[in-house]
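Protein chains in written order, with the numbering used here: chain U, 3 to 270; chain W, 3 to 270; chain C, 25 to 261; chain H, 25 to 261.
Keep in mind the hints are simulated off the structure, nothing from the lab. Hints should not be assumed to be uniformly reliable.
Derived pair list, reagent style DSS-like, types lysine-lysine, alpha-carbon separation capped at 25 Å [stated by the list, open to error]:
1. H/83 <-> H/64
2. C/83 <-> U/5
3. W/94 <-> C/146
4. W/69 <-> W/260
5. H/146 <-> W/5
6. W/5 <-> W/228
7. H/146 <-> U/69
8. U/94 <-> U/69
9. U/260 <-> U/69
10. U/260 <-> U/228
11. W/260 <-> W/228
12. C/146 <-> W/69
13. U/5 <-> C/232
14. H/232 <-> H/163
15. H/146 <-> U/94
16. H/146 <-> H/171
17. C/236 <-> C/171
18. H/236 <-> H/171
19. W/5 <-> H/83
20. C/163 <-> C/232
21. W/94 <-> W/69
22. H/64 <-> H/163
23. U/228 <-> U/5
24. C/64 <-> C/83
Okay, the calculated beta carbon distance ranges per label pair [as the list claims (entries may be wrong)]:
25. W/81 <-> C/25: 18 to 26 Å
26. C/233 <-> W/81: 35 to 43 Å
27. C/180 <-> W/145: 32 to 40 Å
28. U/133 <-> H/215: 49 to 57 Å
29. C/232 <-> W/81: 36 to 44 Å
30. W/132 <-> C/205: 19 to 27 Å
31. U/83 <-> H/68: 31 to 39 Å
We put the CB at the ideal spot given by N, CA and C, even for glycine.
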Amino acid sequence: MNKICTMAQAIESIPDGAMVAIGGNTLNRVPMEAVYQMARQNKRNLQLVKTAGAMDIDLLCLAGCVKSVDAGYVSYESQFSLCRYYRQAVEKGQVITYEHACYTVICALRAAAYGIPFMPVKGLGQTQLMESNPRLGHIQDPFGGPDIAVVQAIRPNFAILHVHYADQAGNAMICGPVYEDLLMVQASERVIITTEEIVPDNYFRRQDVKAQIPAFQVEAVVHAPKGARPTAMPFCYPVDEAEVRAFQGLGAAEQLSKYLEGRREAAR
Amino acid sequence: MNKICTMAQAIESIPDGAMVAIGGNTLNRVPMEAVYQMARQNKRNLQLVKTAGAMDIDLLCLAGCVKSVDAGYVSYESQFSLCRYYRQAVEKGQVITYEHACYTVICALRAAAYGIPFMPVKGLGQTQLMESNPRLGHIQDPFGGPDIAVVQAIRPNFAILHVHYADQAGNAMICGPVYEDLLMVQASERVIITTEEIVPDNYFRRQDVKAQIPAFQVEAVVHAPKGARPTAMPFCYPVDEAEVRAFQGLGAAEQLSKYLEGRREAAR
Amino acid sequence: MIRPSDMMTVALARLLRDGETVFCGVSSHLPLVAALLAKKLHAPGLVLLNIPGGVDPEKPRLSRITSAGSELWDSAAAEMTLAQVFDLSMRGGLDVAFLSGVQMDNRGGVNASLIGDWRQPKVRLPGGAGSAVLIPTAKRAIFWRTKHDRRTFVQQVDFLTAKGNVSDVMTPLCHFVACQGELLLNSVHPYTSIEEVAENTAFPIRYKVLRKTTPISDAEVSALREVDPHDLRSIEF
Amino acid sequence: MIRPSDMMTVALARLLRDGETVFCGVSSHLPLVAALLAKKLHAPGLVLLNIPGGVDPEKPRLSRITSAGSELWDSAAAEMTLAQVFDLSMRGGLDVAFLSGVQMDNRGGVNASLIGDWRQPKVRLPGGAGSAVLIPTAKRAIFWRTKHDRRTFVQQVDFLTAKGNVSDVMTPLCHFVACQGELLLNSVHPYTSIEEVAENTAFPIRYKVLRKTTPISDAEVSALREVDPHDLRSIEF
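Make the full structure from the sequences, and use the hints.
Structure below.
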């Protein structure tokens, strides 16, 4: 089955209010072209899920697309500093933060992938996350040990990932760091793949290393060369610092549509 | 650090009574040379852990090494029929069976890998496994859902795996099906690797595909070409049917030492 | 003359639909061939899942010894470990699981564990493998067994390994379907009769409409030869 | 003149022992350089673990922009995803975790989450990343922070993101060690004084024996240049 479609088509399938897990980590292999498209399509009330997000979450907050964020860390690293649009949105009460320990996002996604309502989590000791995040709780050990923390399953409606290779059926391969992408595929109801390259049918069958994402779990495949820009794509391109800075310099939501238009031109 | 040692040395480190997870599945990529060595060294009261075992468990039962088996399935497939030595040992009350659903072994190993005392398991509906296996139980959902089954963590003292490539430090790679081997590495306290081939230091660093087993998790590396025989080693050799049949024909424990001696000769 | 192994394989293949995810585990040559046959005939988009983790292997050269070996991995497009296949079923994403066992009752209860009392089993069987979690979670659990006798189809199983979503039961003699929790005879294979089925079944045979299983077509015969040239479907006969 | 970034990096490196597993997360250039420095100097068997999942990368060419990028994967010998690194810590197998935050009290409590009340934060901070689970489970959690002022080292944190096994705290001015749940001043860096530390710390400074941090040796200087030629350790200064 041919699942190739345009970015616009793929992103149109995401309704307002959807819970969306976004692949990659900080400024690494983030499906930014898809993120831009969500902003262009003016999504509303998205519930974002990520271990460590940066420009993706920042941009969707600036665009007013976001209702809540489940994450362990939302910030650029080092010189690019904090996600100010995200911060402002949270501080104004426009965006709800469910703060996690990165690992509790992983555990919550695992629970969804395993079809269970919650996952016990070792290690949540003295932390106010337990009181501030309603997805966390405690449970008795039925085998007689001490109580243990648990996190409720998080089952995103969508996972959006940017990969190196995908075939038209949706078999997909990431080279280098996978971050939480593969877990997101298993935990989510629907999966949108954006890919640097479309490979021929049967490409993966002839490999010693198989696609990590099976076609039957994928709903849409978008051919998006440079689809991670301005974040880095391992083996392909580094972070485009100027573009990150240009975004950080926008200041107000009114400037965003022009920026997004510019990105559309650049992608052509 | 050079962790290469002889099979005898590696297996000597396993004390009587140890809980041992054995890699591979049925007659596929089982560390049989290590299994033979456990029998030669007359281990006693081993607690074996496996999803689907066959000749490994059967042989260790014949040799009187086994106290208990946690498994979902213990049998040869199709023409090789049942594991009669295992059966006899269980029926005589010499070996305790903790019967699982394969997946509950996986969940129990995951619990150990994740450092949690138990794992919720979806799907255990109407089954007498719940009453016959004390490692299974039920728990309330703290988020208000219905009760859910749980399995207690299984943390083996040892995992023994046969792999294709390992370096002297213990970085190790399996080609083709991994079965539960990688999970066993994470769940177990100590890991013994037997390998078809020892590769040079830095071999994996230069690869696009990394070793799946990091050296720091491995305690011993044994160079054991054909170390999976008579089970199959993907890309290397098929099942040695004659040898499986010879073992099945032994009939009594007294014949086993001669068989094991023959195997030692063959391995030279 | 129709061989029961051929009839069972073909009848199982007919139960599979295009696009379904289908799991075959250990010691499962017959349903494995059935899945490949369905893929060849009417379900090209069927996705075969298995223990070695090869997703949708293409024309695998099956092994006589195992249905869990790397031949199911080599020509696969993607990888999905056994743990992940189980996970898929747990979260409601597995369409069909093929499972077997040694006893079955007329409520679809399966015993693959032991004969006698579990505290002191008279006969230790291989164990249910994935049954206890797959039979309740797969959308359709298809039970198959190459023997049809009164020791297999019993009034009451000695031990309940698993029970749940058994939708179909395929034997050398007939095809049962589950209806409101009860196994009803759906069709009797062409070479036998309801009397023979009843003689060999310890629970009462009930049905709504009695059919004969549709005989094997020429297209089915030739596809079967192609996907299973070494007749691995007959290993247990 | 000794630069605080160099002193901090060197002093952190000295805390690491041969053979230890050491995790560095996002935005962690300084401890990343410290780990590579330790590996170069006295801990060749140190195993660096990180977010991209490259186990023990060899002489990685660090990126200025991220400490979670593929440069830590490329020359790795093995792969261990972030989830697996966390798992390792949860089961008691992680020796050292480097973590930072915006506030710390003298009991080792860390705030990386927010300023104000969590129901209506005045300032939303990046979040603790792995802190809440790593600080309690790593054998030693080493807290580092490139600022040392009274807004960082506070009487009481606004929000307790994490607390647990903080063993050491490294700042541009000094090195605290945890002793029976309390941070004690262990050493003051050569270019400063206990008075300056006290002035910039909102909790009372206590110590058993007051030491100066051992100055950076020539061997440390040259190793530092080699592992971090582009001075990424100073990014936050």
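Give me the numbers of the hints this structure contradicts, sorted from smallest to largest.
5, 13 and 28
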